[in-house]
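Engineer: Now for the letters of each chain:
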Amino acid sequence: MPRNGILVSRPYERLHKEQVELIHRASMQILTDPGLLSFNREAVDILASHGAVVKSVSGAHESWHVTMSEELVLKALKTAPKTVTLGARNPDNALVMKGDEPTVYLITGSETNIWLDVDFPTYVNEADPTRKRRVPEFKPRRGTVDDLCRAAHVCEHLEMVDGYIRTVNIQDRDITEQNKDVNKFFASLNNNTKHFMSGLTSIKQLDNVVRMAELIAGGKQELEANPIISFITCLVKSPLQFVDDTTATFIELCRRGLPVAVSSSPQAGTSAPIKEAGIMAQINAEVLAGITLGQLVRPGTPLLYGSVPVRARMDTLNDSYGAVETSQYNIDCAQMARFYGIPNYSTAGVCDTKIPGQQSSVERLFSDIVVAMAGPQYLHCAFGLLDCNSVFCLLQAVLDDAHFKMIKFFLRQPRIDQAEIDAVLKQIREVVATPQKMYIGHIRPVLRSGEISGVYPFEGSGETDDVFELAYQRMNELLAKPVQHIDEKTTARIFEEVPGILPRLNVHERRD
Amino acid sequence: MSKDMLAAIKENVIQGRKTQDDIGIDDSLAGTPGVVELTQQAVESKMSPQQIVTEGLTAGMQVVGEKFSTKEYFIPDMLASAEAVGAAMDILKPVLEAASVETKGKFAIATVKGDIHDIGKNIVAILVKGAGYEVHDLGIDVPTERVVEFVNEEKPHYLGLSALLTTTMIEMGVVISALEENKLRSGVKVLIGGAAVSQEFAQEIGADAYCVDAFEAVRVLDGYKKASQVA
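Sequence order for the protein chains is X and G.
First residue of the first sequence: 1, per this note's numbering; consecutive thereafter.
First residue of the second sequence: 1001, per this note's numbering; consecutive thereafter.
Next up, chain X with everything else stripped away, as it sits in the complex (with noise of 0.2 Å):
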């Protein structure tokens, strides 16, 4: 039984049918006119053979330009899944997306350089030495793979995240780029039995790590069954061009029929348009044109409408995940992965400042609520992420969970059928005739049902503010919680036949 996403049954779209159909429209237009540039020879040839209209551009990097009809891309659609599944270590918690079904999965990313600590020190009035308070601050530093393992392993237990996404980029003095892939699959999968994606450092290490994850599953045949890992592949660089070593990666993930999310970012303002049109139909066109390079590749392979447009700060020209417009276009996007029925790999509560606190909450809470109102299969929604990608905080991250668990009861189905009519009636009628008219008494059947929403649990008593505090207590408690680590077995396995996982990584030789 794959796990349980959020059903939008009405999802939020901003789009007119017609605004939707001038997009594709216009997206169509820009694949032809100007077209696409390509840095990789291979992508350039495949498109080639399939019609495409391909010259040689002079310049100092070897390229491309590509257009392409409209009939290919369509011709290429045909054959992208309308349902994408993706496996897990535990099956229980596979993800089964629907391209026409807007249920929403939570999941965590992106990969950050910074690792937030945070630590409580305590401060003492000046005025009033009695007086003594302890206030949180956050120290960042480089991110470690041993972070990555805790990340991975609150995530496991943080009940709302659906999957995981590489929270941090390990940075180890002993990780080079020739083992990073394979230790950050094994920190994750290893600590984590959610569903599992991520980018590829270096395309020469896929093979260890897709023979990690056949170990994993029980065999090649079994992680084609069972998907337990997919890929995420920024093959377009906005505006319009295809990458060289991201689309050579991508190409062979989609020769191997490996799940990958086609993802785009273009900037609103530098790297596309800063009008909503402008952006849409160029993000649009681009995410296109790398589905159909994919389907090329290999028809029928799994892919996901990754979409992560942002607008850019005026005052620095940064990315501004905090920005109203950026939550807008990734609105419009589940809505144009809808209208083409390919499952939307979305992107909601990265917000703009470096430390949790009022204004990392109004964002995050802000795009999560919004976006996720719109149905995106597959909601990359920033557990834990601040300062715009670069920073991931744990403690963010648990009380992401608790913002995600208000949005999930708030998107719930309404209950409203006959039966209940009659019942609420004849409540109304039972109270009303009593001299104290109060319906509290009619509580207790639902209080323990899930029918009510609870608390905010981190919630201080009094009049402090202990939030903070209280949600690193739940991170704790979440660390100290055990996870299903690979077994024992099947991990010596993979040190034996995988070559350069950290010997440090092997949770069963520790313990010895």
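Think of the hints as simulated: they come from the structure by calculation, not from any bench.
Among the hints, erroneous ones may be present.
Some chain G residues close to chain X (C-beta under 7 Å, calculated; not the full set) [what the hints assert, rightly or not]:
id : residue
1  : 1076
2  : 1079
3  : 1080
4  : 1122
Source: prediction; values computed, not measured.
By construction, the Cβ of each residue, glycine as well, lies at the ideal position given by its N, Cα and C atoms.
Dock chain G against the given chain X, drawing on the hints supplied.
Structural biologist: Structure of chain G alone, referenced to chain X:
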């Protein structure tokens, strides 16, 4: 037998089962007698009414209070248990009187003139009754004269005044002044509560206590009761 009966009363109070029709926290006692039926049976079998109160009802409410403080129970649970105890006290009242056992005290409560809000007042009435006090609910929008008349005739030990609105809370001061004018003030402790009022306001109008919620009201009343016993 009596121990079993008292344990059953206590358990049903904890479960908040006033009658056999109530389900309680879980369905383990469904269809079995509730607090009302059990108390009736206990009275009929000539059990000590004091024992029923202390070892059955009060012991049960103590557990309910503990569960509430640890957030296992919520206010609807507390109210269900208090209502069950209140109903049992109605059954026990004549027996206790016949045995010359005093209740914890007589408590009158009213929403003051001009104010028709009664959720808070009702919750206080239920919890105070559940705590073993004799409760007289005078209702909503109660004229000052009616309050004075009741205090004069029934001599309650305690008077609770409730108001939600900033426009009606001043009536509380009017009631206290009227009690003073009628020389009734010294015989009754006046407790006030409601969203609009505060500790400062209570002091300003000469009330004896401000209660932030119904639990505080019970604590204040129990404090008075304990102080009077010591005195």
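Engineer: Holds or violated: the hint that residue 1079 of chain G contacts chain X, with Cβ atoms closer than 7 Å.
Structural biologist: Hint on residue 1079 of chain G: holds, closest Cβ of chain X at ~6 Å, below 7 Å.
Engineer: When the nearest CB of chain X is found for residue 1122 of chain G, is that gap smaller than 7 Å?
Structural biologist: It holds, given that the least Cβ distance between residue 1122 of chain G and chain X is near 5 Å, below 7 Å.
Engineer: Would you settle whether the hint for residue 1076 of chain G is holds or violated, based on the nearest Cβ-Cβ distance to chain X being less than 7 Å?
Structural biologist: At 4 Å from the nearest chain X Cβ, residue 1076 of chain G passes the 7 Å test, so the hint holds.
Engineer: Hint residue 1080 of chain G vs chain X: min CB-CB distance below 7 Å?
Structural biologist: With a minimum Cβ separation of about 6 Å from chain X (threshold 7 Å), the hint on residue 1080 of chain G holds.
Checked against the numbered hints above, the structure violates none of them.
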